[in-house]
Every structure is written in C-alpha cells, then in structure tokens.
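Produce the complete structure using the sequences and hints provided.
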Amino acid sequence: MVGEVPVGGGALVSVQTMLADDPHDAAAISAHLRACHEAGADIVRLTVPDLEAAKALGEAVPKSPVPLVADIHFDYRCALAAIAAGVHALRLNPGNIGGRANVQAVARAAKAKGVPIRIGVNGGSLERGETLVSSALKHVKLLEDEGFRDIVVSVKASNVSDTLAAYRELAERTDLPLHLGLTEAGTFMRGAVHSSVALGILLSEGIGDTIRVSLTDTPEREIAVGLEILRALGLRDPGPSVTSCPTCGRTKCDVRGVAEAIESGMAKIAAGRRGVRFPRVAVMGCVVNGPGEAKGSDIALCGGDGTFLLYEGGEPKGRVPGYDAVEAVLAAVRKMLR
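Okay, so the sequence shown: first residue is 1 according to this note's numbering, each after it adds one.
Derived from the structure by calculation, the hints contain no laboratory data.
On a predicted model such as this, the values are computed, not experimentally measured, just so you know.
Idealized CB from N, CA, C, for every residue including glycine.
Certain hints may be false.
As a list, the in silico EDC-like pairs of lysine to aspartate or glutamate whose alpha-carbon atoms are at most 16 Å apart [stated by the list, open to error]:
1) Lys-335 / Glu-312
2) Lys-335 / Asp-298
3) Lys-113 / Glu-4
4) Lys-55 / Asp-21
5) Lys-317 / Glu-327
6) Lys-63 / Asp-25
7) Lys-55 / Asp-22
8) Lys-141 / Glu-130
9) Lys-295 / Glu-312
10) Lys-268 / Glu-38
11) Lys-113 / Glu-146
12) Lys-268 / Glu-327
13) Lys-111 / Glu-146
14) Lys-111 / Asp-145
15) Lys-63 / Glu-38
16) Lys-63 / Glu-4
17) Lys-138 / Asp-175
18) Lys-138 / Glu-127
What follows is a list of derived Cβ distance ranges for each label pair [said to hold, decoys possible]:
19) Gly-86 / Ala-232: 32 to 42 Å
20) Glu-146 / Ser-264: 41 to 51 Å
21) Ala-101 / Gly-124: 16 to 26 Å
22) Ala-271 / Thr-243: 20 to 30 Å
23) Ile-201 / Gly-306: 40 to 50 Å
24) Glu-127 / Arg-256: 44 to 54 Å
25) Pro-62 / Arg-280: 32 to 42 Å
26) Tyr-323 / His-24: 36 to 46 Å
27) Arg-250 / Gly-206: 39 to 49 Å
28) Asp-324 / Gly-234: 26 to 36 Å
The structure is reproduced here in structure tokens:
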C-alpha cells in the first residue's frame, strides 16, 4: 500500500509521475500535487536532495490529495527525514546511499512506520559486472535480511529492448510488485512512443503493477500518456477521449481543430472526477465512416461542407456550423454526466 493506493496483488495498475518543482518550495509542491491529482495521477514522486527539502515535504504531505514517494540519492539521512515527515513510500537506489549499514538503517525506520520502499535501478548506476536484475535482487536481499519485504522493484533502461529483457527476467525471478518505465525516454514524441511500446508489451504479458512514463515534459503530459497506455490495453476505463478520423481529400471541415478542442474541454470537465464513465465521442470528416461511427457513439459529429451533423445516442439532432460544434458536444457531455 502506497498511502491508500494498492500496488500489486491484482490491484489496478497505478499511474505515477514526478514533480520538477523546487523541492524546498512547499507551496509550489502543494499546488502542483493538486494539478497532478486532477490530471489522474495515482501516486506522485518528488526528490528530497537534502534535509531542508524533507521539511518542505513534511508541509506538503498533510495537504496532498495523492500519496507521495520520496526520491532519495546519496544521503540516507534524507530517507530517514522523509519517513519522519510522513511520506507514503521511498524510492531508493541502494547502491548510492553509502553502503549496507545505511540501507539497513533506512529499512528499519521504514518497517517501523509501515513505509514501502521501491528499489530503483537504472543503467547508469550499475557497479562493475552487474546487470540491472542482479543489482536489483542484491538490494532486495539487503532489505529482506532486515525482515523487510514491503518492496517494489524497477529496472529501467533507456531503450525498449533492454527494458523488455530486464523486466521479463525480473518477473521470472521475483514475485514482488514491479514498477515499469523507461528511464530518460526523451522529449514528448520520442518518449511517448518508446514508453508506449515497452510498457504496452510488458503489460500485455501480465508484467507490471505501477507505471511511470518518463518524459522531458510536464508531469501532466506524463500522466496523460500513462493513462492512455492503460486505456488502450483495457486496463482502465476509456475516460474522456475522442475517436476521430485521420481526414482525407473528401474532408471539408476542421476535424483536427474541433476534435482537439473537444478533447481539451472534456479533460477540463473530467478534472478531479474519479470512477465516472464518460460518453463515447466521435468526430468524423465525411460520410464514408461518419454515420457508422455516429451510431456507435454516445455523441458524434459527422462533417460536411464547413458544418457538422450532430448525433446523440445514434440519432441525428441537426447541423451545427464550425466551432459551434465544440460547445454543442461539450454541452451534450455535461448533460449525459448529470
């Protein structure tokens, strides 16, 4: 349990992200945690590089709408301070916090407070002769030797093939919950594609209990990609999304602009809502597939010459011009959610 979020044991795959705010600015952290919660994050990680940051963490914990994971490197005292501050979980790279005695001190403190630990091993932190998996399991043993087994493990590489190989091997060798991700996946396009391939393959094989899509971008966009991966695999409800056609030479209306505006508007309607089934929305550019998609969706637009035919419940409701179609669809979404 990370706070009130279960990880492993058949629970829903949870979506994580990590803040890039100044770790000493408790107000900025608290504001961004609320935004991440509204975007759909289940768990949020933040760095605790020094003892002053642990104080800011202590201010943020009671106000946070999501469980918090303290990311610890180099100084085990930061882990002890984060536990004392009430953090819900730790992420450690045990190889860089000063040896066995320090790892054991953290394990004892975490066990006393019921704080789980994620052992996070990346390709850039391996000791000579180690693999991602051998390093992770070595550090698992350090914790288990202290009678500590409330552990999640990650073995992140920066490319798809190494990530797949490492997690498949790890899944064969341990029954501990696994946190999936590519480390340093890149900017939005590259990172989203590579992460989707790697995480999609592993999750479809039944490997993985919680995920983070690591992007050189905002936490909100990481959350969006992570949720979409789970939705594509049927591991989450569809949520507020739009089916839209790729357009072609027959298209005489702004399908892309209208679809993007509707998707953005639905995301705002969805902010903070959990467990709500959103209407299926389609935006189609012409009569080839438009009427069929319209009848199979809760709300749909079928494009004409600068206008759209609006459908609700598979039935045509009349024509709406251009961008008036956006508000017509959002109004219908709000009505169906009442």
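Okay, the hints, checked on the actual structure:
no.	hint	verdict
1	Lys-335 / Glu-312	11 Å, holds
2	Lys-335 / Asp-298	12 Å, holds
3	Lys-113 / Glu-4	15 Å, holds
4	Lys-55 / Asp-21	15 Å, holds
5	Lys-317 / Glu-327	14 Å, holds
6	Lys-63 / Asp-25	14 Å, holds
7	Lys-55 / Asp-22	13 Å, holds
8	Lys-141 / Glu-130	15 Å, holds
9	Lys-295 / Glu-312	8 Å, holds
10	Lys-268 / Glu-38	9 Å, holds
11	Lys-113 / Glu-146	14 Å, holds
12	Lys-268 / Glu-327	13 Å, holds
13	Lys-111 / Glu-146	9 Å, holds
14	Lys-111 / Asp-145	12 Å, holds
15	Lys-63 / Glu-38	14 Å, holds
16	Lys-63 / Glu-4	15 Å, holds
17	Lys-138 / Asp-175	15 Å, holds
18	Lys-138 / Glu-127	11 Å, holds
19	Gly-86 / Ala-232: 32 to 42 Å	36 Å, holds
20	Glu-146 / Ser-264: 41 to 51 Å	49 Å, holds
21	Ala-101 / Gly-124: 16 to 26 Å	24 Å, holds
22	Ala-271 / Thr-243: 20 to 30 Å	21 Å, holds
23	Ile-201 / Gly-306: 40 to 50 Å	43 Å, holds
24	Glu-127 / Arg-256: 44 to 54 Å	50 Å, holds
25	Pro-62 / Arg-280: 32 to 42 Å	39 Å, holds
26	Tyr-323 / His-24: 36 to 46 Å	44 Å, holds
27	Arg-250 / Gly-206: 39 to 49 Å	42 Å, holds
28	Asp-324 / Gly-234: 26 to 36 Å	34 Å, holds
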